[in-house]
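Undergrad: Each chain is listed here by its residues.
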Amino acid sequence: MSTLVGIITAADEDTRNRSLEQFARSASAETLLRECEALDRLRRENENLYEQVRALFFLHSIHRYHLPGKPGIAGRGVIPFRGYEELRNRRFEEAIETFLRHQAQAGPSDALSSGLSAAYRQLGFQTLADQVRRSVRSIAGNQWMFRIGHPSDHPLRVHRRLLRPLENGLFPILRETTPVRMDLTHCGWSDIFFLGMDFPEGARVLNVSIDLSVESADPTQAQAPRPPVEGYLRVIDRPVLRLASVDLQASAEITTFAEVFDFARDHLGLLKAALIAAGIVPPGMEGAHQPLSDLLSQLVGSGQGIELVSKVNDIPKGSRLAVSTSLLACLITVCMRATGQAGSLTGGLSEVERRLVAARAILGEWLGGSGGGWQDSGGVWPGIKLIEGRLSAEGDPEFGVSRGRLLPGHHLFGEDEISEETRQALQASLVLVHGGMAQDVGPILEMVTEKYLLRSEEEWMGRQQAIGALDEILGYLKAGNIKAIGEATERNFKGPIQTIIPWAGNLYTDRLIQQARAAFGEHFWGFWMLGGMSGGGMGFLFDPRHKSSAKVRLQEIMDKTKARMEQSVPFAMQPVVYDFAIDERGSWAELHGRAGETERRADGPAALMPGDYYRLTFPDILRRDPWLLSSAQRAELEIFSALSAGDPALGDVLPSLFQRMLPQKQEEESQDSLSAMLAANAFDREQHEQIRGDLRSGRIGLAQNRLPTRSLIEEVAPEELVDATAGLPERFDEIGRAALKAGEVAVVTLAGGAGSRWSQGAGVVKALNPFARLAGRHRNFIEIHLAKSRRSGRLCGTPLPHVITTSYLTHRAIADALGDGDGCGPDGPLLLSPGNSVGLRMVPMVRDLRFDWEESSRQVLDIQAEKVRESQHNALINWARSQGEGSDYVDNLPDQCIHPVGHWYELPHLLRNGVLRGLLEERPQLQYLMMHNIDTVGANVDPGLLGLHISAQGAMTAEVIHRRLEDRGGGLARVDGSVRLVEGMALPREEIEFRLTYYNTNTFWIHIDRLLAALGLERAALEDEETVAEALARMAARMPTYVTLKEVKKRWGRGQEDIFPVTQFEKLWGDMTALPEMDCGYVVVPRMRGQQLKEMAQLDGWLRDGSAAYVEDLCDWPD
Amino acid sequence: MEITKAVITAARRTQRSLPLQTIIDSDGVEKSVLRILVEEVIDAGVDEICVIVYPGDETAYAATVGEHAGRLQFVQQEEQLGYAHAVYCAREFVGRDSFLHLVGDHLYVRPDGGRCAARVVEAARSHNSSVSAVQATRETLLPYFGAVGGHRLPGQTGLYQVETVVEKPTPTEAEQRLAASGLRAGHYLCFFGIHVLTATVMDLLGGLLSSTAAAGADGSPGAGLSLSAALNLLAQREQYLALEQRGMRLDIGVKYGLLTAQIALALNGQDRDEMLTRLLELLMTRSMQEGEEPI
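The listed protein sequences derive, respectively, from chains U and F. Take the first sequence: its position 395, counted from the start at 1, is 395 in full-length UniProt numbering, and no numbers get skipped. Take the second sequence: its position 66, counted from the start at 1, is 66 in full-length UniProt numbering, and no numbers get skipped.
In case anyone wonders, no lab produced these hints; they're calculated from the structure. For every residue, glycine included, the Cβ atom is placed at its ideal position computed from N, Cα and C. Some hints here could point you the wrong way.
Said to hold, decoys possible - Coverage of chain U stretches by chain F, computed from C-beta distances (three or more under 8 Å per stretch; other residues unrestricted):
{"hint": "1", "region": "151 to 161"}
{"hint": "2", "region": "339 to 346"}
As the list claims (entries may be wrong) - With a Cα cut of at most 20 Å, we get these calculated SDA-like pairs of lysine to any residue:
{"hint": "3", "chain 1": "U", "residue 1": "Lys494", "chain 2": "U", "residue 2": "Gly505"}
{"hint": "4", "chain 1": "F", "residue 1": "Lys168", "chain 2": "U", "residue 2": "Gly343"}
{"hint": "5", "chain 1": "F", "residue 1": "Lys168", "chain 2": "U", "residue 2": "Gly340"}
{"hint": "6", "chain 1": "F", "residue 1": "Lys168", "chain 2": "U", "residue 2": "Leu345"}
{"hint": "7", "chain 1": "F", "residue 1": "Lys255", "chain 2": "F", "residue 2": "Thr140"}
{"hint": "8", "chain 1": "F", "residue 1": "Lys168", "chain 2": "U", "residue 2": "Gln298"}
{"hint": "9", "chain 1": "F", "residue 1": "Lys168", "chain 2": "U", "residue 2": "Ser297"}
{"hint": "10", "chain 1": "U", "residue 1": "Lys1094", "chain 2": "U", "residue 2": "Asp440"}
{"hint": "11", "chain 1": "F", "residue 1": "Lys168", "chain 2": "U", "residue 2": "Gly301"}
{"hint": "12", "chain 1": "F", "residue 1": "Lys31", "chain 2": "F", "residue 2": "Ala69"}
{"hint": "13", "chain 1": "F", "residue 1": "Lys168", "chain 2": "U", "residue 2": "Leu163"}
{"hint": "14", "chain 1": "U", "residue 1": "Lys70", "chain 2": "U", "residue 2": "Asp1105"}
To be verified - DEER-style ranges, computed between Cβ atoms:
{"hint": "15", "chain 1": "F", "residue 1": "Ala136", "chain 2": "U", "residue 2": "Trp627", "range": "49 to 57 Å"}
{"hint": "16", "chain 1": "U", "residue 1": "Ala428", "chain 2": "F", "residue 2": "Ala136", "range": "55 to 63 Å"}
{"hint": "17", "chain 1": "U", "residue 1": "Thr346", "chain 2": "F", "residue 2": "Ser211", "range": "18 to 26 Å"}
{"hint": "18", "chain 1": "U", "residue 1": "Glu590", "chain 2": "F", "residue 2": "Ser210", "range": "25 to 33 Å"}
{"hint": "19", "chain 1": "U", "residue 1": "Gly303", "chain 2": "F", "residue 2": "Gln76", "range": "32 to 40 Å"}
{"hint": "20", "chain 1": "U", "residue 1": "Glu420", "chain 2": "F", "residue 2": "Leu141", "range": "47 to 55 Å"}
{"hint": "21", "chain 1": "U", "residue 1": "Gly287", "chain 2": "F", "residue 2": "Arg138", "range": "14 to 22 Å"}
Make the full structure from the sequences, and use the hints.
TA: Encoded structure:
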């Protein structure tokens, strides 16, 4: 029997918990391939969900981490395009079949393993997600919603107390307030559904419901903590669903079912998900063609509708306090109460009701295409509770499918277990903050799931420790020892948490902890990470006597540290310190505006919405003709104006209404600074207008990037390039070492780009992002490159000059960071080469958006997430139309509106800005440049490769790697008979790329004089700026210009971010290989050297497959 | 169990005229709704009948039942405090006896022509317990009925031990609390409008009415109380069964309710062919006219 099948199916825990690595490390390729066959059979034939899924993740891991590099596995191989297409369309089973069939015919290869690995992994996650969905649907209380498909069948009715208008003409308002949840131990992400369903014993969380307020320096502005999320529901006198999100400043009146299920159309997706998950518009009605008013007439009576309003009280996104799930749960609760699905219209909820709300919040998150953990709706419950996974039993929908249930059990701690004094002491000691970083934790949750299923040795041990930490902290809570809690939570953060996921920590957090300790010494009791990853919501425990000063000091520390790091780390907002209190009520409802009650009450005006609601909705109402308003709207205006004089919460609304209706000044200011920035960067308006004209007329565009379809594009023959994957002959090493020793080489690191995929368009300087901990410290890309140059220089005995090219986006920040000496400190000369070519981004053409959607490679998402994405796509098309296709993109911060114009320009800048000239004057012997991307962290001045380049006697040698599935964007090809690098966007058809087995690393070895000759220059001519400029202009005209869509983030509100695709232009260096005078040679290098880190989601694999260790070996750190 | 008394509620102010409406019964004879109900009761072997009425309606009601008038006793519901209170108004008439209860705005039809109430009384007699007639009803109709949850009695056809009773449950609550074995998905046992109840119900109603603050449509305290609340307590207190009915309950208080009841009675009675013929004629005439040019 197969060893791995034995591990997965073992009855005893010790065997079952054995890791894959243990076995695979020493197994031969032949053994592993045999095991793969057995695992594939197991996952097909076995009915146990978790055995299936574990087999899938074993298969993924073997193909991703263990087979590549083993003797017998070819480095180079073809990935069948058909399999890729199947994978992209989520036809995972078929993709696996295709790849396996190909493997049987062509033999195993690194390339095919990359396809298999991706397919098995995605099938694993899909299988798990399907099970969660099935479980949520089959929970008693949720099933009916999927059966109701016609408005006339709707079995709910709105509570009669909400249906009777008050004497003043308004309808009563049901207001739900819900605390958010705080995770007291950081549970090692054990509340991920999949983990809880397979390992309920290990899924345990200490969860506290809390109220919050933002600490204010001005005591008159200080507010007591209150439940952070609120939902309001009332009947309205129009047959529509009116939705308003006060915090996201969005509102809409919905009249069709299609709009209800269109989640990404606006910022009201969460409210729509709540309406659906609460059964007001049951999920079974998706696609119903009847008017929505038919449904409303069943629910609230003919001619009437429902208004649902959400409000988040000053808590930013990414707080790690599950604000969005709490808001979803709050909205679901208010909808359920209003339709009689909770026993009581007002007050608290019963345990059965809370559990149903939690289940429906999971459903709502799935509908909205997002997902959290099962503790996230913990705020619905009161106080402090232990939430634990439960074994599934007969009668549960999970019984026989998974070991654990989807929904956990909640144990509320009474005062006999955790005393009132302890609760007070915890509040007196803990300072809660939001550090300002807002990050997507989705990839982290996937990593956790994967590592759990693989039982990776270290991580599995980390998980055991995290489980132990919970018991330890619970013990301290019962004993009232808060100081010990601080020690334990910090130990947990530094130990198990970062053992499981190293990316949970970051340099920013480390610096905050360090400074808090330096400022408060023994009075700082410990750091506490609040779920997800650090940098956003975090806790610091202090001696209560120092808490007030600690709050002030922490705010200063965070502000200062953010200011120091904001160029290198994506921040979404200014850091804040909260005041908080444990909420002992849980979700709670009140009815505002009882019969006969028309005057103001102590807790707010009768039957009026919160002040911010009117700030949002009145501008639109005031613009309408009065006779178009409904009688309730008129009544509301009258009552509002009567009450606002005496109520500051309402009175404040009026002045801001004018600002909102006539927003001008801010826009003008923003335009001014953009113009200044364009002027400072020599923006060429004339050329810009010409490009706009070409774009609008269709002469250029995404489709026009492509080479003519008649082009003959073929794979190159192995003999047309040198294979250096297994090393090069010693003689090349010798030549290279001699050149290094003679000081004939310099490194050029391209760091002018924004690295938009790295931070999804956040506009930080990727080069300075401290993304990984190497040699005990967080390091950024520049530190790594300089450490490699330092090592190369020391090995050959001659310091290596290092040039970093910059642009308007990156120059100041890189110069400042290098000036700070922030861990860099090279031995040789370190020069910055600033570039000053910029373009102004444009609103994309609808034609290009559609082309990108239809033609470009796009991974189809899970069915619900795909619906959300399609809706987003339509929303973006509407956005482009409304903004004006091809118009200047100016609705953002100025530096997000302009763009660098591609890395082709970076070497020419080096010629124009005098940096190369200076370097040559200082080192006339300098002859070779190694130019590479900032994210090719494995590229160093390898003597062998240098020697190869010198021996080839061409102007340039380009490095390529064997292609894997994820390597998209062109490669090495024979185009109409000439070997060259070709960009992915230039390929006439996508499948052509899959015939090309070599991928461009964008690392080039350049012979300076031969390059100058190709430009029609020589060294002496570098003195003459005009001659250089003319030569470069001639060359630029020969280079193709690509139109691309880039994603930029627009930040607004409190940590909210929208992503927009914008059009920009670029020229790329790889096209130089097409020039015959460059006489370019090609060399295939090991993957670890050539791979580029484009997305943060790659980091875990980069660490696990040994690439990080490879890079570390190339470095010589100054510290 | 002896069942000699029956209570018919017909006191709702807005529906006072319903029991007076005349309709052709399945035997082809024109009768008032109240008379049909009274005959249903008599056929079940019950002689003493109490009708709960709006004050002043007694004479008109008595006049519509013909020769059965002598069997009727009228009790006034002096305050409009809802259905549960209306039943409670019969407490003195009932005394400590079990009683058959029907609502005055429903008619019942069995496909085999038999009487619905008789089956319920028979079940109550043979099991010596309260029995409510129920019918498997789609969840979409839950807002109109009280519903029961329970388990099927082994060896008995269509009989359930009632464990929970909820008035007009939401489907959410129904799924969680009212599952009954043997029913199709999304179907629940909803009241048919016929019950045989022990006098305990009157005690429970008395207790609930004195303690509840549930407001009715007009805001009166107690008027929001349903009979289901008392029946839910009854299920905890003593054996309480539900008998599944295959017939039809016809609510004559809704739009076209009386017309639908008339058609149903005719289609299930001796005039079946005549009714079918007339319906067909109506349909055909309309179809033919649709194909003609307008005059």
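Undergrad: Indicate, hint by hint, whether the structure satisfies it.
TA: So, going through the hints one by one against the coordinates:
Using a Cβ-Cβ cut-off of 8 Å, 7 residues of the region 151 to 161 of chain U lie near chain F, which meets the minimum of three, so the contact claim holds. A stretch counts as covered by a chain when three or more of its residues have a beta carbon under 8 Å from one of that chain; for the region 339 to 346 of chain U and chain F the count is 3, and the coverage holds. Straight-line distance between C-alpha atoms of Lys494 (chain U) and Gly505 (chain U) comes to about 8 Å, which keeps the hinted pair within the 20 Å bound. Of the supplied pair hints, the one linking Lys168 (chain F) and Gly343 (chain U) holds, its CA atoms being roughly 12 Å apart against a limit of 20 Å.
Restraint check for Lys168 (chain F) and Gly340 (chain U): the C-alpha separation of about 10 Å stays at or below 20 Å, so the hint holds. A C-alpha spacing of about 16 Å is found between Lys168 (chain F) and Leu345 (chain U), which places the hinted pair at or below 20 Å, so the restraint holds. The hinted pair formed by Lys255 (chain F) and Thr140 (chain F) meets the criterion: a straight-line CA distance of about 18 Å does not exceed 20 Å. Restraint check: the Cα-Cα separation between Lys168 (chain F) and Gln298 (chain U) comes to about 15 Å, which is no more than 20 Å; the hinted pair holds.
The straight-line distance between the Cα atoms of Lys168 (chain F) and Ser297 (chain U) is roughly 18 Å, inside the 20 Å bound, and the hint therefore holds. With a CA separation close to 16 Å, the supplied pair Lys1094 (chain U) and Asp440 (chain U) stays within the 20 Å bound. The straight-line distance between the Cα atoms of Lys168 (chain F) and Gly301 (chain U) is roughly 17 Å, inside the 20 Å bound, and the hint therefore holds. Restraint check for Lys31 (chain F) and Ala69 (chain F): satisfied, since their Cα atoms lie roughly 13 Å apart, inside the 20 Å limit.
Distance check on the hinted pair: Lys168 (chain F) and Leu163 (chain U) sit about 17 Å apart at the alpha-carbon level, within 20 Å; holds. With a C-alpha separation of about 13 Å, the suggested pair Lys70 (chain U) and Asp1105 (chain U) falls inside the 20 Å cut-off, and the hint holds. Under the hint 49 to 57 Å, the C-beta atoms of Ala136 (chain F) and Trp627 (chain U), about 51 Å apart, fit the expected range. Between Ala428 (chain U) and Ala136 (chain F), the C-beta spacing of about 59 Å keeps the proposed range 55 to 63 Å intact.
One distance hint, 18 to 26 Å for the beta-carbon pair Thr346 (chain U) and Ser211 (chain F), holds here, with the actual separation near 20 Å. One distance hint, 25 to 33 Å for the beta-carbon pair Glu590 (chain U) and Ser210 (chain F), holds here, with the actual separation near 28 Å. For Gly303 (chain U) and Gln76 (chain F), the Cβ-Cβ distance of about 38 Å falls inside the hinted range of 32 to 40 Å, so the restraint holds. Distance hint for Glu420 (chain U) and Leu141 (chain F): a CB-CB separation of about 50 Å, consistent with the stated range 47 to 55 Å.
Between Gly287 (chain U) and Arg138 (chain F) the CB atoms are about 21 Å apart, so this pair conforms to the stated range of 14 to 22 Å.
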